[in-house]
Structures are given as structure tokens and as C-alpha cells.
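*Asks:* These protein sequence lines are chains A and B, in that order. All the letters of the first sequence, read from the start, carry residue numbers 95 to 277 under the numbering used here. All the letters of the second sequence, read from the start, carry residue numbers 1116 to 1387 under the numbering used here.
In case anyone wonders, no lab produced these hints; they're calculated from the structure. Just so it is clear, the structure is predicted and the values come from calculations on it, not from any experiment. Treat the hints with care, as some may be off.
Listed below are several chain A residues computed to face chain B (Cβ distance under 10 Å; list not exhaustive) [claimed, not checked]:
no.	residue
1	M95
2	P97
3	L99
4	R102
5	R104
6	D120
7	R121
8	R128
9	A136
10	L145
11	W148
12	L167
13	R207
14	L211
15	H230
16	F234
Covered stretches of chain A (chain B as the covering partner; in silico rule of three or more C-beta atoms under 8 Å from a C-beta of chain B) [stated by the list, open to error]:
no.	segment
17	107 to 117
18	149 to 159
19	168 to 177
20	256 to 267
Cβ atoms here follow ideal geometry from the backbone N, Cα and C, with glycine treated the same way.
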Amino acid sequence: MDPNLIDRARRGDKEAFTALVLGLGDRLYSVAYRILRDAGRAEDAVQQAFLTAWRELPRLRDDSRLEAWLHKLLVHACYAEIRQTRRWQSGLRLVTNEDSGPTTDDAQLSVARRDELERAFHRLSGEQRAVLVLYHYLGFSGAEIADVLGLSPGTVRSRLHHARQHMRAAIEADSRIATGGLA
Amino acid sequence: MTRPLDADRVLEDWLAEGPSRLPDRAIDGIVRQLQDTPQRGSRWIPRRDRMNRLFLSVGGAAAALLVAVVGFVHLYGGGPAPVPGESPTPVTIDSPEPSPEPSEAPEPVTFTSERHGYSILLPDDGWIVIERPGEWAPDTMFGQESPGVDYILAPGGPIGDYRHELFLNSQPIPEESTYEDWLADYDLRGGRTFGYECRLQPPYAAGTVDGRPVRLSNFVCGGQRWAEAMWEHAGRAYSLRFGEIFDSPIRAESPQAELEVWLSRITLEDQE
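If we strip away everything but chain A, and leave its shape as in the complex, we get (with noise of 0.2 Å):
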């Protein structure tokens, strides 16, 4: 991201921050609908995210960790996003895939493949959330998501192990549907 952006924005320019958000929005948005699973709170976790970044920049003293930042506000913008869904409402959210498609030819995921991946990916915590998809989706590595999140590596590592292993659960019994019981 373009310094002289960054310094512009910190001292106040508003089309700098919007030049920001129009350059990095995509990305954290992608990020936010993969941890919530829902395009509109994934859009307000992201709005939350750049106004915490757009009020708190004059104190980013290192240009360089802006990116790192940005995540970091994003995924605690997201645990709230949780906390409010789980705590208002009783069941899950219908999903809406209205966006969404397949984007291998070779990895058509069958309907109810996904059905069990969502079932499974709602049932973790927004904490193991994040990991998976830092992980797994931005292919972070464990230092960077325990850089980015402000964690220790042995709970980075503990929270990715536990939500892999609570989604490849899905995944094989999914399996096992699909080919009779026979896994």
C-alpha cells in the first residue's frame, strides 16, 4: 500500500482513506463473509472495521502493519457480529448464496457436502473461525495469524487443530453418506 496514501489518511484526507478502503476493501470483505457466512453482516463488520482504522490511524506508528491491523480489527469486528447473532437469535441464519459459485470445475461440492460444512463451520467459535480462514483461505501461516491476532503460537495451533479437526469430521461423515456407509 502506497506510503505517501497511508500519511495522507493518518493526517486527515478523507478521499486518501476511501483510495484505502477502495484498495483493500475487497480482500477484507472475502475474509469477513468466510468467518460470519453472511454477505450483510460481513458488510457491516468490514464498515466497523475501517471506521476503527479511519478513527485510530494517527497512532499506526509502523505504515508497513497496516494490512496486519486492518485484519486484526476486522476479525474482532466479526466476533461481534457473533456475539450479537448467537446471543438474539435462537437458530442459524439462512445463508445467502445469491454471489456464491463454484470455482474449480474438478471440486463441484455436492449440496449436501456444503450443507454439512456449513452445519459444522457454524458450531465453531468465532475464534476457530478466524484461525481456519486466515489459515486455510488467506494462507497465512501459524506465525503470521499469531502476529496478526496478537496470540501465542501454541493457541493459534491449538484453535487450528481443534477446528480442522471439527470440519474434516464433517467432511469424512459426509463422506460416508456418499458412499453408503462404506468409508
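Go by the hints and put chain B onto chain A.
*Replies:* Below, chain B alone, put in the same frame as chain A:
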């Protein structure tokens, strides 16, 4: 021949699905809200001052624990006022200081609320404070979503690695009234609003915040344990509530003990 199941690949394919473009309406929303969102100057208290205040207030809390006094049972329901299905209020997240270097240990940060006139020392920069816009209206109760609330979300507590939440609100005490009258009315209001749905866990206890007396109470709402502190400062009445998160896998030993630690991290500002 069947190929062994590659769970990671299935998971990654599934995660790859879904939208990847931030809708224009969201960008417009951000740009619009920028107009009403000032950038923060250096309201944060310098570190040395922060630590001094913490040191002093921890001492105050220790004293408070020694003078905890048994009170009386009172039908009371000062719990949250959840509104099922309510959509989130547009909020501003007031985040702590951005992370400096990756290798640096977590550093406590101070959040200051000018509207309520207090500062609170948060354990690290992983905390979010959501300042609900508006003011706490007279003769009403409040919940996490209500106007005027500072909603503090925690990834972990100062005395344990579990998740919980705090929220604080305050309102001016009417000139013709006293804090004691206000508090009595607050209790009646809580009883009327929540009734037996929020079960008081007697008795009241005494504590302190920044050297001022505090009334502590415990209650249970829908299986969630809460503790509440009430106090008066500079003509305003305050309520600070601590609650466990419903789905938190680890429970606090005592919400009241946790709340008292939080009270020791609060500094009240002189508003006159």
C-alpha cells in the same frame, strides 16, 4: 479405486466459494460515516501515568474486598434488555492502540469515555469498545444495545482466559432528587422491567471505584450470570455490568470478583 479423501482440499474449495467483492453500498456507507467520525488525537493516557493509576486503583480494590458487607435481598432485575431479532445499531468501534511490533508483549491500553467521564484500563489491544450513540433516557432501563451504552467486548479477562463482556451507562441525577432516591427508583424500574426473569442472587455487597463507594449485586438472566456495580459521581448515576458470554466454554468463578477487578481498572474523571 477410490482416491483418499483430501479434507484440506475440500475445506479450501468450500472456503473459496462465496463473494469476494465489497458491495458499493458498503463503500458508500463507510465514506458517509467518515464525515461524522473524528480521528482520535492522543487521548490515551501516557503509559507511566496509566500504570500509576492502575497501581493506585488496584490497592483500592483490595481494600474493597476486605470491607464487603452483606446487604439485603431485594427483588431486582437490572439485567440486559435484549430485543430478539433486533438489528445491530450502527456503531463506532473504539479500538485500542494499533499493534506496534510483532514481538512486543501485549501492552495495556486505556479507553477514555468523555461523555461518561471515566477511563478504563484494558489488558491489551485486542479489545473493542462500541459506543452506542445517544443518551440513557430517564426512567428507562438499558441493555447492551441501548442508547448511551459503552459496550466492551473481551477476548479474554484480566484474571482468566475466557470471554465476557462489560457494559456501562450513566445518566444525570435530577436536581430535585438524591442518588439514594434515584437508586431506589432504578431498582423498582428493574423489577418492573424484568421481574422474575432475572433472578437476584443476594445479598448486595459494597465495593469501591476510584475511591468512591459502589453497590454490588449479582443476578442470573436466562442462565447467564451477571454482576452489576452502581455508583454516583459528579452528579451522575452509573451502572457497570459484567456478564458471561452464553457460549463461552469457560465460566468465571465469580462474576462479582471479576467485576471488582474491573472496577479497580476504572478512573473517574472530574467533569466540572
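*Asks:* Indicate, hint by hint, whether the structure satisfies it.
*Replies:* Now for the hints, and whether the structure bears them out:
Taking 10 Å as the C-beta contact cut-off toward chain B, the hint placing M95/A at the interface is violated, the least distance being around 14 Å. For P97/A, the interface hint is violated, since its Cβ never comes within 10 Å of a Cβ in chain B; the closest pair sits about 15 Å apart. Hint on L99/A is violated. Least Cβ distance to chain B is approximately 15 Å, over the 10 Å limit. A distance limit of 10 Å between C-beta atoms decides the matter here; for R102/A the minimum to chain B is near 12 Å, and the interface restraint is violated.
A cut of 10 Å between beta carbons decides the hint on R104/A: the least distance to chain B is about 8 Å, and the hint holds. Among the interface hints, the one on D120/A holds; its C-beta lies about 5 Å from the nearest C-beta in chain B, closer than the 10 Å criterion. Checking R121/A against chain B by beta carbon gives a least distance of about 8 Å; that is within 10 Å, so the hint holds. Interface restraint check for R128/A: the shortest CB-CB distance to chain B comes to about 6 Å, inside 10 Å, so the restraint holds.
Look at A136/A: its Cβ gets to within about 8 Å of chain B, closer than 10 Å, so that hint holds up. For L145/A, the shortest C-beta to C-beta distance to chain B is roughly 6 Å, which falls under 10 Å, so the interface hint holds. Because the smallest distance between the Cβ of W148/A and any Cβ of chain B comes to about 6 Å, under 10 Å, the interface hint for this residue holds. Residue-level restraint check for L167/A holds (minimum Cβ-Cβ distance to chain B is 6 Å; threshold 10 Å).
Proximity of R207/A to chain B holds as hinted, the smallest CB-CB distance being about 7 Å (cut-off 10 Å). Against a cut-off of 10 Å between C-beta atoms, the interface hint on L211/A holds, since the closest Cβ of chain B lies about 5 Å away. The criterion of a C-beta within 10 Å of any C-beta in chain B is met by H230/A, whose closest approach is roughly 5 Å, and the hint holds. A cut of 10 Å between beta carbons decides the hint on F234/A: the least distance to chain B is about 13 Å, and the hint is violated.
Against chain B, the segment 107 to 117 of chain A contributes 5 residues with a C-beta closer than 8 Å to a partner C-beta. That satisfies the three-residue criterion, and the hint holds. With a threshold of 8 Å between beta carbons, the proposed coverage of the segment 149 to 159 of chain A by chain B holds, since 9 of its residues qualify and at least three are required. With 6 residues bearing a CB less than 8 Å from a CB of chain B, the segment 168 to 177 of chain A meets the requirement of three and the coverage assertion stands. Chain B is given as covering the segment 256 to 267 of chain A, and this holds because 5 residues of the stretch bring a CB closer than 8 Å to a CB of that chain, at least three being needed.
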